[in-house]
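Visitor: Sequence:
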Amino acid sequence: MSVYDNLISILFKLPDGRSLEEYFKNVLLVGKINTGDLQSDVEFPSTGLKKYSSYDEVIADFVPTSQFALEANAVFNQKNNTQTTSQIQYLMIAEQGASESVADALNKAKSVDGKFVKVVPVSRETADIKAVAGWCLTNDRFCDFVVTDVDDVAEIAAAENNYAYAIFRKNATDPIASAVASTSTCGYFGGKDGSAQFTQLAGIMPETYSDTEISEMNSSNVAYYTNVSPIDGGETDSFGYNWVIGSRMLGGELRQRQMIMHYIKKSMGLMALEFFNQKPVYDETGNNLLLSMAEKQFRSFQTYNLVIANTADQTGYELKVTPIRTGSDSIMNTDTEAYNAKKFKLTGYYYDAIVGEKVDFLFYVDPSDEQVEQILGE
1 MSVYDNLISI LFKLPDGRSL EEYFKNVLLV GKINTGDLQS DVEFPSTGLK
51 KYSSYDEVIA DFVPTSQFAL EANAVFNQKN NTQTTSQIQY LMIAEQGASE
101 SVADALNKAK SVDGKFVKVV PVSRETADIK AVAGWCLTND RFCDFVVTDV
151 DDVAEIAAAE NNYAYAIFRK NATDPIASAV ASTSTCGYFG GKDGSAQFTQ
201 LAGIMPETYS DTEISEMNSS NVAYYTNVSP IDGGETDSFG YNWVIGSRML
251 GGELRQRQMI MHYIKKSMGL MALEFFNQKP VYDETGNNLL LSMAEKQFRS
301 FQTYNLVIAN TADQTGYELK VTPIRTGSDS IMNTDTEAYN AKKFKLTGYY
351 YDAIVGEKVD FLFYVDPSDE QVEQILGE
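Using the numbering used here, read the sequence shown as starting at 1 and increasing by one per residue.
For the record, the hints were derived by calculation from the structure and aren't laboratory data. Only a predicted model underlies this, so the values are computations on that prediction, with no experimental measurement involved.
Pairs of lysine-lysine, DSBU-like flavour, derived with a Cα cap of 35 Å:
{"no.": "1", "residue 1": "LYS51", "residue 2": "LYS25"}
{"no.": "2", "residue 1": "LYS265", "residue 2": "LYS79"}
{"no.": "3", "residue 1": "LYS170", "residue 2": "LYS51"}
{"no.": "4", "residue 1": "LYS320", "residue 2": "LYS358"}
{"no.": "5", "residue 1": "LYS108", "residue 2": "LYS130"}
{"no.": "6", "residue 1": "LYS279", "residue 2": "LYS25"}
{"no.": "7", "residue 1": "LYS343", "residue 2": "LYS320"}
{"no.": "8", "residue 1": "LYS32", "residue 2": "LYS265"}
{"no.": "9", "residue 1": "LYS343", "residue 2": "LYS115"}
{"no.": "10", "residue 1": "LYS110", "residue 2": "LYS32"}
{"no.": "11", "residue 1": "LYS266", "residue 2": "LYS279"}
{"no.": "12", "residue 1": "LYS296", "residue 2": "LYS279"}
{"no.": "13", "residue 1": "LYS25", "residue 2": "LYS50"}
{"no.": "14", "residue 1": "LYS358", "residue 2": "LYS130"}
{"no.": "15", "residue 1": "LYS320", "residue 2": "LYS296"}
{"no.": "16", "residue 1": "LYS110", "residue 2": "LYS296"}
{"no.": "17", "residue 1": "LYS79", "residue 2": "LYS110"}
Please work from the sequences and hints to get the whole structure.
Guide: Rendered as structure tokens:
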């Protein structure tokens with residue numbers, strides 16, 4: 001358990017300071033680097049991780065025919081992913097050693113540089129896909145991966161894993177998952193960002209599926225890339241669009257909604273650290289400071305279309321700090337454990353901007369002297 005875990009507890013039902021932008025703009029590619037993948041004069045770093053800001057940087061290390069280069073080309077070739085108007089900031093490549101599991105490689109990569117929200121496995125093997133999905137569920141990250149058989153993800157779906165997004169492809173080497181991951185990697189997930197649904201992919205050809213295949217993918221929450229047209233038959237694709245179809249994670253939750261919840265959770269954690277940095281006193285003054293900072297955060301969530309805007313008929317969010325010593329509902333009278341630990345308590349709800357569903361949350365902040373000293377380095 002880290003110091004952060006001791007300081008902050010955020011439970012969901014259902015900025016001045018640091019920016020989350022790079023965390024949300026990076027994609028991590030993980031896989032075994034085999035003989036022939038690297039250029040002849042290149043040795044991959046012993047840390048097992050390297051960051052790239054362009055496709056040219058990748059092919060300086062990897063031969064163009066390597067699966068890593070194919071995936072990188074798909075990442076940097078998507079709309080708005082050029083170097084001058086970049087959505088993605090870095091493609092991070094993590095090497096899975098010959099004797100390492102996928103989880104080992106991901107743990108090592110996270111310990112070197114944990115600034116990534118998306119993981120894409122190079123492998124299409126069922127065991128590797130399951131391992132990546134399990135690791136992301138445990139480590140609070142998202143993963144996108146290719147499946148060539150819908151049955152391969154049945155176990156992941158049965159576990160209700162809402163961190164895993166699967167996209168079907170008949171060609172196992174097609175880098176479509178990397179393309180999808182990079183198109184929804186932004187600092188904010190409002191508007192259309194965050195959802196792969198209706199995305200058009202550069203350099204990826206659509207596939208044609210039977211009604212039976214489409215029904216199977218839809219019922220399994222597996223996405224696919226195809227031409228959607230109101231007119232059936234050959235040579236009619238010009239009347240439609242090539243789109244990613246599939247808006248849900250394997251666990252059934254909307255992809256965009258999961259990303260919004262994740263962003264809010266991380267943003268509130270950063271806000272708590274800023275709150276600590278002002279050395280709050282455990283009284284109503286500290287309570288009022290916490291409420292003010294939280295209000296500022298949620299107003300920004302409305303600005304970026306994560307939380308619905310206030311209207312005459314509905315309030316997009318509501319926040320309340322629990323009184324510390326005053327009244328029968330105070331922390332001192334109702335939550336002795338929290339009071340003795342000097343925990344501030346923020347409760348509330350928000351309505352998600354995607355489906356307008358209410359999300360309740362409980363947010364504890366614990367600025368005990370010892371823990372504050374640790375995080376402030378005093």
